[in-house]
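Trainee: Chains as they are written, first to last, in our numbering: chain A, 1 to 413; chain B, 1001 to 1227; chain C, 2001 to 2545.
Hints were generated in silico from the structure; no laboratory data involved.
Yeah, the Cβ is synthetic: ideal placement off N, Cα and C, and Gly gets one too.
Honestly, I wouldn't trust all of these hints.
[As the list claims (entries may be wrong)] For each label pair, taking beta carbons as the anchor points, the in silico distance ranges come out as:
| no. | chain 1 | residue 1 | chain 2 | residue 2 | range |
| --- | --- | --- | --- | --- | --- |
| 1 | A | 308 | C | 2493 | 56 to 62 Å |
| 2 | B | 1137 | C | 2312 | 45 to 51 Å |
| 3 | A | 328 | B | 1152 | 40 to 46 Å |
| 4 | C | 2103 | A | 281 | 24 to 30 Å |
[To be verified] Okay, the calculated bits of chain C under chain B, using three or more residues with CB under 8 Å as the criterion:
| no. | segment |
| --- | --- |
| 5 | 2256-2268 |
| 6 | 2273-2285 |
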Amino acid sequence: MISRRTLLGLAGLGLGAWALPAWAGPSASGRRFIFVFADGGWDTTRVFSPMFDNPNVDMETDVATAEVSGIRFVDSGDRPQVRAFFEDHGHMACVLNGIQMKSVAHTACKRQIMTGSLHQGPVDWATRLGSRTGDGLHMPLVAFSGPLYSEELNGAVVRVGEERQLAGLLDGQATLDATIPMDPVRADLAALQDDALATLLAARTPGTGREADHLAQAIAAESRGRAMIGMADQLDMGSAQTLPDKLLLMGELFERDLAACGIVQHNGSLNLSWDTHGDNARQGPSFEQLFESLNILVEDLSSRPGSSGSLMDDTTVVVFSEMGRFPLLNAHGGKEHWVWTSAMLFGAGVAGGQVIGHYNEGFTGDSVDLDSGGLDNSGVTLTPEHLGATLFALADIDPAEHVSADPIRAALL
Amino acid sequence: MPDPGAVFAMHDYALRGRGSDCPFVLGPMDDESWTGARWAGFCTAEETGWTYDGHGWRWEWMEGASTLYHLLGIYEVTTAEGVELLVSGMIDVEREPLEDSTRWWALISGTFQSSTADDWTGRTSGVFLEIDHEEADAWDRTTLEGGLGYDDHHVDLIDVVLDSRECDGNPTGRFGLRAPDSSWYDLQLDATCDGCGALSWSGRELARVCPDIAGPIDELTSELRRL
Amino acid sequence: MILWLACATGGPTDSDPAAPSWATAEPAPVVPLSDDLLLRRLSLDLRGQLPSVGELERLRADPEELDVLLAEFLLDPRHEERMADMFAQRWLTRTETYPIKYFEFGYEDDEAHAWRRSVAGEPARLVAYVAARDKPWDEIVTADYTIANDLLLESWPMAELEGREQPSNPEWRVAQYTDGRPRGGVLMSTGLWWRYYQAIGNRSRGEAAARLLACTNFLERPIVFDSPSTLDQDALEDAVRQDPACQSCHSGLDPISSALFGFSAADVNSPHEMSTYHPERERQGVTDNGSEPGWFGEPIYAVGELGPVVAADPRFASCAVESFTEELLRRETELDDFPLLQDLEGSFEQGDRRASALITAIVATDEYRAGGLLPEATAEHEKRIATRRLMSPDQLADSIEQLTGYRWTSFGYDQLTNDVYGYRTLTGGVNPTVVDTPQVGRDLTQGLVNRRLAQAAATYAVEGDLAGAGPGLLVHVDEVKTPADAAFDQELDQLSDRLHARALDDLSREVLTELWWATAEAGDPVDAWAAVVAVQLRDPAFWSY
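Same shape as in the complex, but just chain A:
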């Protein structure tokens, strides 16, 4: 008969790489990434692209162009958080204008902005970065919400759930609230089960192909899950409801070296989406809410210790949307979809205080020189692949491994 000592000994083989340390050092590159996704298609003329002199663009009234920290933006008295962001953090922010999409459909554009492709297959930037920079962490990419195309790398993704379902899985409340309520198994009894399962899996012949994959993935998942459950009372995964809450929680997970990347979606003011086919005026409050959250994020990350300074020094934030909006208002006071959009990077590794790219009279993107960031007719049109390449470069990953476009070197320190 196998002894309990042997049982635990074999189980120890499974815990291996995922054993919970008291403190784990930063991951190999030390770079963290946060993706903040505005779902539905934002109107870049509300913040990123002042186009007051362009008769082909319907701008708001009672707003003006401002330039702060080298960034020209649309300044509104109703959006003090936007101004505050650029005043306080514009020096580390880089706006990318004139990113060309190849669709006007939400589903296609989400895939393209996240992977560079309209086709299924390529893994999204966040998952790829999480799997690399977060290798060895319990939650390489913590996903509160937002589009992901993880493909074969889904093991790097830890979904929290729109209603923070992960919390219930960790603390066992998930089945306590069921129609047939079942108490979570007592911790000591659960440990016996975990040890037994680990023993079985550790001793199993891997097989070939996906049988081997599933076994290895199961060993890793069970070990990580066990560790996460052990931390459940220290990790408040359940109370982050608002965008700022979720961003703050990301900071905590970064600080505790539990996660290296995070993604969260903003659904617009009052959760009414950024997809303003009617009532484009909603874009203003949506931007204000978004930038308020970004201000909170920067303040929070700046207060947390990082690898050398603060966590903000280790973290790059990507703020983006899957498409822009048509420059002219429609009959319902809204704006339709547009194939050109903007994005903003700020934080670690970003050459801030600048705007790269430009919308011309036709509200399409002008070509840019990737090295200087200046407009150049012989340059390139910015695409999501350039964004992806830039992010890989920021993570010290060779972009050529994953995309066919070059990074926007002008955006890199």
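Got chain A; can you put chains B and C on it based on the hints?
Mentor: Showing chains B and C alone in chain A's frame:
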């Protein structure tokens, strides 16, 4: 023919049964330039026994010299006597005085039904109709585009024009009548301007016919002019 | 109006996947599954649940029984449920958001999930009904009926249709719309067009129809425009209708969209407008899109013609083949699959386009039956061939309920099939707006969901069985008090057989026996048996098949 006035009247009638707190009714504020009322509710008025489920808004306002009428609603109202009113859509009308003429433009889209009315709201199952009518002392012109359902019949109109100055006052355009099997009989009133046109079915020409279209169109525009 | 602009510039871009260089006409280097595991795979893929011990024993007694059992699976009532789950996932119909809300039809909060699943279920169940009843596949677009339940019959203008063979699930019945819409199967389904709705223009619906029924994906075609002159709204509309680059998509897309204008609602927030078909608007696409109704060059004079025209399109049959193949082989088909797909289409046509013929042909392939790879397999083979599959959330929930009687629901929500409060995407499932393809690998949250469900279900079953009123998961309860009893090993053996379709190896026997003792010592026999069952439900041998 569907005219907006009937729906406006139905809408106003629907509020006759309102109580002190059912439905919630809001009129224009002092600084607002429109007249009319907005209401919303899912309730039964104690005082009248009428039930309200949904929301509605009818308003009129001026833009320059134009008068604009608008109705928007998704609601069912049942009177104490059991009369059922259904509004599910919107109506826009603009009356615009021009230099030598007056123009009415209307878009009626949705379902507007009254269980007892003897006008078109008593029989219509659905409407999507755009009407553009302009008239002066010596001429008038009406264009129609859209479709409507009467009882179990469904018709559509594509590029229908009736201009007293053109085609000897005869209409042009395509009229369709849907058969029960979802095929369509089409009457294409053509440039021969004799009020006649080719009747076809599923793309196959059947005959040449000369219907009276002007009458119903005149009836519609006369209702429109009352606004 | 959403701007559907100039489309394909010719075809795939340089960022699109090219045909794999490793692809040859050589047979796949696979090792077949054992008969037991193949039966398990067939049962899960075709019925969504595990094979019974009796079915396994029949196969063990006579390997020739495999074909007989396969035929029985295709006639099993659970096959229809499985087909409904499969197509709901593939067609991305199980969304959580519709423009019309459940409460607008008078339903309460605890009915929200059931109502949404009913709306989502209608098109998938129509397809499943045709597939399971072995009707010609054309019927999914030509049927004069739909499939509805009480919630839909109360909400939408439809009535039960008497005299027809009913679906396997008694909750659902054959019904017919009463609002004058023509026959057309899923093409005339309110459930499908609520999922793919659009306020103006209908192009989203046209896109969906082309993708789901002809496997023609307009969204994968890149649009490019580089002329400032196209900024003007009128010029853009002209470009859509005249520019060759735009017309390369719109010439196909817009006529389909025009054919579906009977579903146009004056207000997408109006329950009445959205629930009712509008015959008077059938031809408004001519004005809106500038296109007469049609299907890829074939004019449609009556919307009732749309279904037969679609069915007559060669792509309809090939798309059916592609769909079933991708679902059963658990991968996208590629250019080098052409010979395979041709063969399968031949089987499909020879079988009068009945799903059973196609399914039978697919599951007979070496790739479907692959359980491992030969040493000469390349990395591409490893990536491509599904020698194991993950149970989907539906399969996991159904299988665990089958074994233990436990269904994880909460406030009216089935917790493994929703994301509002549940764990669908956390369990690797598809959410139409967030995760549009099922996950391939096992991850942390899948493990956590499985853990909690396994522990809850195991405890539930064991408590019941030991009290004499359980699902019969433990069949030797009356003979077993401790592992010292002779029947203990028999109990372990039958559990392994039922849950994993394999014999228990010596190490597993030792580990599970020790687990029983240790848990009983710390707890009680209920805890002990629940632990044994839970561990086996968490084992890859259960959820990987």
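Trainee: Does the segment 2273-2285 of chain C contain three or more residues whose Cβ lies closer than 8 Å to a Cβ of chain B?
Mentor: Three-residue rule met by the segment 2273-2285 of chain C, so holds; n is 9.
Trainee: Mind taking a look at whether chain B covers the segment 2256-2268 of chain C? Criterion is 3 or more residues with CB to CB distance under 8 Å.
Mentor: holds (count 3)
Trainee: Between the beta carbons of residue 328/A and residue 1152/B, is the distance compatible with 40 to 46 Å?
Mentor: About 42 Å separates the Cβ atoms of residue 328/A and residue 1152/B, which means 40 to 46 Å holds.
Trainee: Taking the Cβ atom of residue 2103/C and the Cβ atom of residue 281/A, is their distance within the range 24 to 30 Å?
Mentor: holds (28 Å)
Trainee: Does the beta carbon distance between residue 308/A and residue 2493/C stay inside 56 to 62 Å, or does it fall outside?
Mentor: This hint holds: roughly 59 Å between Cβ atoms.
Trainee: How does the Cβ-Cβ distance of residue 1137/B and residue 2312/C compare with 45 to 51 Å: does it lie in that range?
Mentor: violated (58 Å)
This entry does not satisfy hint 2, going by the numbered hints stated previously; all others are met.
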